[in-house]
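As a plain string of letters, each chain reads:
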Amino acid sequence: MSAPAAEKIFGRPESLKDVATHYCPGCGHSVAHRLVAECLDEMGLREKTIGVPPVGCAVLAYNYFNFDMVEAPHGRALAVATGIKRVRPDSFVLTYQGDGDLAAIGTAETIHAANRGELISCIFINNAIYGMTGGQMAPTTIIGEVTTTTPGGREAKAHGSPIDISRMLAVCEGAVYIERCTLNSFKGIKQAKKAIRKCFQVQVDGLGFGLVELLSPCPTNMKMSPKQAWQWIDNQMMKTYPLGLIKDTTGYEDK
Amino acid sequence: MPSEKKLMRGSDTLAEAAVRAGCRFFSGYPITPQNELPEYLSWRLPQAGGTFIQAESELSAINMVLGAAATGARALTSSSSPGVSLKQEGISYLAGQELPAVVANMMRGGPGLGNIAASAADYFQATRGGGHGDYRTPVLAPAGCQELAELTFLAFDLADKYRTPVMLLGDGLIGQVMEPVVFPDPIDPADLPPKDYILDGCAGRAPRAIFSMLLGQQGELYKHNLHLQEKYEQITADEQRWEENLTEDADIIAVAYGTASRIAMSAVEELRAEGVKAGLFRPITLWPYPKQALRKLAQGGVKVAVFELSAGQMVEDVMLSVGERAEIHFYGIPGGVIPTPADVIDFLRSALKGDGKVGRRVEI
Ligand SMILES: Cc1ncc(C[n+]2csc(CCOP(=O)(O)OP(=O)(O)O)c2C)c(N)n1
Ligand code: SF4
Numbered sequence: 046m047s048a049p050a051a052e053k054i055f056g057r058p059e060s061l062k063d064v065a066t067h068y069c070p071g072c073g074h075s076v077a078h079r080l081v082a083e084c085l086d087e088m089g090l091r092e093k094t095i096g097v098p099p100v101g102c103a104v105l106a107y108n109y110f111n112f113d114m115v116e117a118p119h120g121r122a123l124a125v126a127t128g129i130k131r132v133r134p135d136s137f138v139l140t141y142q143g144d145g146d147l148a149a150i151g152t153a154e155t156i157h158a159a160n161r162g163e164l165i166s167c168i169f170i171n172n173a174i175y176g177m178t179g180g181q182m183a184p185t186t187i188i189g190e191v192t193t194t195t196p197g198g199r200e201a202k203a204h205g206s207p208i209d210i211s212r213m214l215a216v217c218e219g220a221v222y223i224e225r226c227t228l229n230s231f232k233g234i235k236q237a238k239k240a241i242r243k244c245f246q247v248q249v250d251g252l253g254f255g256l257v258e259l260l261s262p263c264p265t266n267m268k269m270s271p272k273q274a275w276q277w278i279d280n281q282m283m284k285t286y287p288l289g290l291i292k293d294t295t296g297y298e299d300k
Numbered sequence: 055m056p057s058e059k060k061l062m063r064g065s066d067t068l069a070e071a072a073v074r075a076g077c078r079f080f081s082g083y084p085i086t087p088q089n090e091l092p093e094y095l096s097w098r099l100p101q102a103g104g105t106f107i108q109a110e111s112e113l114s115a116i117n118m119v120l121g122a123a124a125t126g127a128r129a130l131t132s133s134s135s136p137g138v139s140l141k142q143e144g145i146s147y148l149a150g151q152e153l154p155a156v157v158a159n160m161m162r163g164g165p166g167l168g169n170i171a172a173s174a175a176d177y178f179q180a181t182r183g184g185g186h187g188d189y190r191t192p193v194l195a196p197a198g199c200q201e202l203a204e205l206t207f208l209a210f211d212l213a214d215k216y217r218t219p220v221m222l223l224g225d226g227l228i229g230q231v232m233e234p235v236v237f238p239d240p241i242d243p244a245d246l247p248p249k250d251y252i253l254d255g256c257a258g259r260a261p262r263a264i265f266s267m268l269l270g271q272q273g274e275l276y277k278h279n280l281h282l283q284e285k286y287e288q289i290t291a292d293e294q295r296w297e298e299n300l301t302e303d304a305d306i307i308a309v310a311y312g313t314a315s316r317i318a319m320s321a322v323e324e325l326r327a328e329g330v331k332a333g334l335f336r337p338i339t340l341w342p343y344p345k346q347a348l349r350k351l352a353q354g355g356v357k358v359a360v361f362e363l364s365a366g367q368m369v370e371d372v373m374l375s376v377g378e379r380a381e382i383h384f385y386g387i388p389g390g391v392i393p394t395p396a397d398v399i400d401f402l403r404s405a406l407k408g409d410g411k412v413g414r415r416v417e418i
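Sequence order for the protein chains is A and B.
Going by this note's numbering, the residue at position 234 of the first sequence is 279; the numbering climbs one at a time, nothing skipped.
Going by this note's numbering, the residue at position 22 of the second sequence is 76; the numbering climbs one at a time, nothing skipped.
By construction, these hints were calculated from the structure, which means they are not laboratory data.
One or more of the hints may lead you astray.
Listed next, with one range per pair, are the computed distances between beta-carbon atoms [unchecked claim]:
1) B:Ser57 <-> A:Lys62: 48 to 58 Å
2) A:Tyr297 <-> B:Asp242: 32 to 42 Å
3) B:Val391 <-> A:Lys268: 39 to 49 Å
4) B:Pro84 <-> A:Gly251: 21 to 31 Å
5) A:His67 <-> B:Asn279: 16 to 26 Å
6) A:Ser206 <-> B:Arg259: 39 to 49 Å
7) B:Trp97 <-> A:Pro134: 18 to 28 Å
8) B:Ala244 <-> A:Glu200: 51 to 61 Å
9) B:Trp97 <-> A:Gly296: 29 to 39 Å
10) B:Trp97 <-> A:Lys53: 32 to 42 Å
11) A:Pro134 <-> B:Ser57: 22 to 32 Å
All C-beta atoms in this analysis are idealised placements derived from N, C-alpha and C, irrespective of residue type, glycine included.
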């Protein structure tokens, strides 16, 4: 009797290139990349996918993702993605954006793409800070959070309150699925993957705009160890951004 | 087969020509005086199986065009001056990423909100790049409906050939004028040469990425810029277009483009009828500027008289072309005021006499 064929139970998803990333230790971007890649693989979408990375720490995502991608100017990913999806409705179109990209400079593009119900899946990395430019205040920076441009901590009066763009988007008719998850724990990551799969399914089924917000640690700019940054998400960030389903008009049974 | 002759408004001509040139994607944001163009495409593109999107801003519109271009579509956006300022970000990215697209600017008076009258005050913005970085865009300046139709075809061809954004530069008058048009043969997008850089999913091939950021330490961005400059040199060598009217024996040659050239041509014809040897040099490509052609005419004591609907922008290219080979005079009307042929006649006469009464002499 010959030995049973070895079964591969863990490996690099085909949707991720076999290269090292530039992300810092403990950064949420690498985890989010992996989840996106696993979902695309499992759903057989890689060869149909056209992705749009942000301007932000993930600007080089096209070096890591193993599918077609086109760079967008800062904040314009959902406009670029709209052009792609309308010309190639059979493609699977994905944007991957940070909070500055999606909820500050690109707010208009974000709201209007969601409101038009563009058949696009949006992965929104909320790390409450501007990673790439060195730790300035983000639209999602929480009250009291110290950044390089809020050295005394964010104050509502002087800097505005943190923006909850996911809840704002939920009032758009065209947005059919929005869920907030976290990348700072095993349990959170498992739930995040489920949400990303569902978000992708929404596009495959042609239902409308889908977005998954991922609370994501940026230890470097928080000047914390990875562990501290993960704890900060639990202890601080989730008070402003509670996890869970924000909108679901998909009619899927699995709720 | 070319179309039958039709009487058409300028904006509709551009829109119809775009569809016939194989354009299947438009995105824009309303602004006077170019609203008729998107209005036409809002029904015409869906009829042709294409996409029309009214975007939430010009920023969004140009970036939708960028996305459409990345997937291989012939894509168009249009606007007028304030909106084209917003499009500069996207135009710079299109240039950097080497993606083809056509941008129509029906210029109005500025700066700021200005007014909606015909103006040519965006010449610098159009011909010098406009956005950030070392790049140029071919700029085509139609003077009437027939030419608008032909240049719209040319704009899409140049955009694809050189993988670059191309600008069609007109104004509210060019957009409103009704003239007979015969359209060139329609192009089926399926018959266009395939593009080997576009994104359509990586089935059966390696994934592709389109980007303009080059952080490498081996001079990658420098090399990319040299490559772009080589392309611009090629365009400069091969794509200059212009028209000469009554220039052979002229004592004075008016230089004007677009709406200004129509006024200048009337002035030249009236002067000819009076026995004054006037001619018109009309650049059709503003970038690349038809320098050598103009330079050749600037000899034997001829005077060069630049007339613009701006405070003086193209005149700089005329000075660079002509140098000290001929006297250069300039008459510019900014702020959306349209002079009559009589005003231009006065200018040309004054330039001939050199009395400085209308316009002024300019020197390098
Ligand atoms: C028009 C423009 N403005 C500003 C910048 C500089 N910039 C690059 S990334 C960024 C913000 C990044 O923060 P975020 O979107 O939260 O992503 P992160 O880096 O945290 O992942 C800014 C302001 C730019 N590239 N373009
Ligand atoms: S700076 Fe922050 S967001 Fe950027 S890679 Fe490092 S940890 Fe990640």
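Hint-by-hint comparison with the structure:
1. B:Ser57 <-> A:Lys62: 48 to 58 Å: holds (50 Å)
2. A:Tyr297 <-> B:Asp242: 32 to 42 Å: holds (41 Å)
3. B:Val391 <-> A:Lys268: 39 to 49 Å: violated (60 Å)
4. B:Pro84 <-> A:Gly251: 21 to 31 Å: holds (29 Å)
5. A:His67 <-> B:Asn279: 16 to 26 Å: Given range 16 to 26 Å: holds, Cβ gap about 24 Å.
6. A:Ser206 <-> B:Arg259: 39 to 49 Å: Given a distance of about 48 Å, which is inside 39 to 49 Å, the answer is holds.
7. B:Trp97 <-> A:Pro134: 18 to 28 Å: Hint holds: Cβ distance 20 Å, inside 18 to 28 Å.
8. B:Ala244 <-> A:Glu200: 51 to 61 Å: holds (59 Å)
9. B:Trp97 <-> A:Gly296: 29 to 39 Å: holds (33 Å)
10. B:Trp97 <-> A:Lys53: 32 to 42 Å: violated (54 Å)
11. A:Pro134 <-> B:Ser57: 22 to 32 Å: holds (30 Å)
When each numbered hint is compared with the structure, violations occur for hints 3 and 10.
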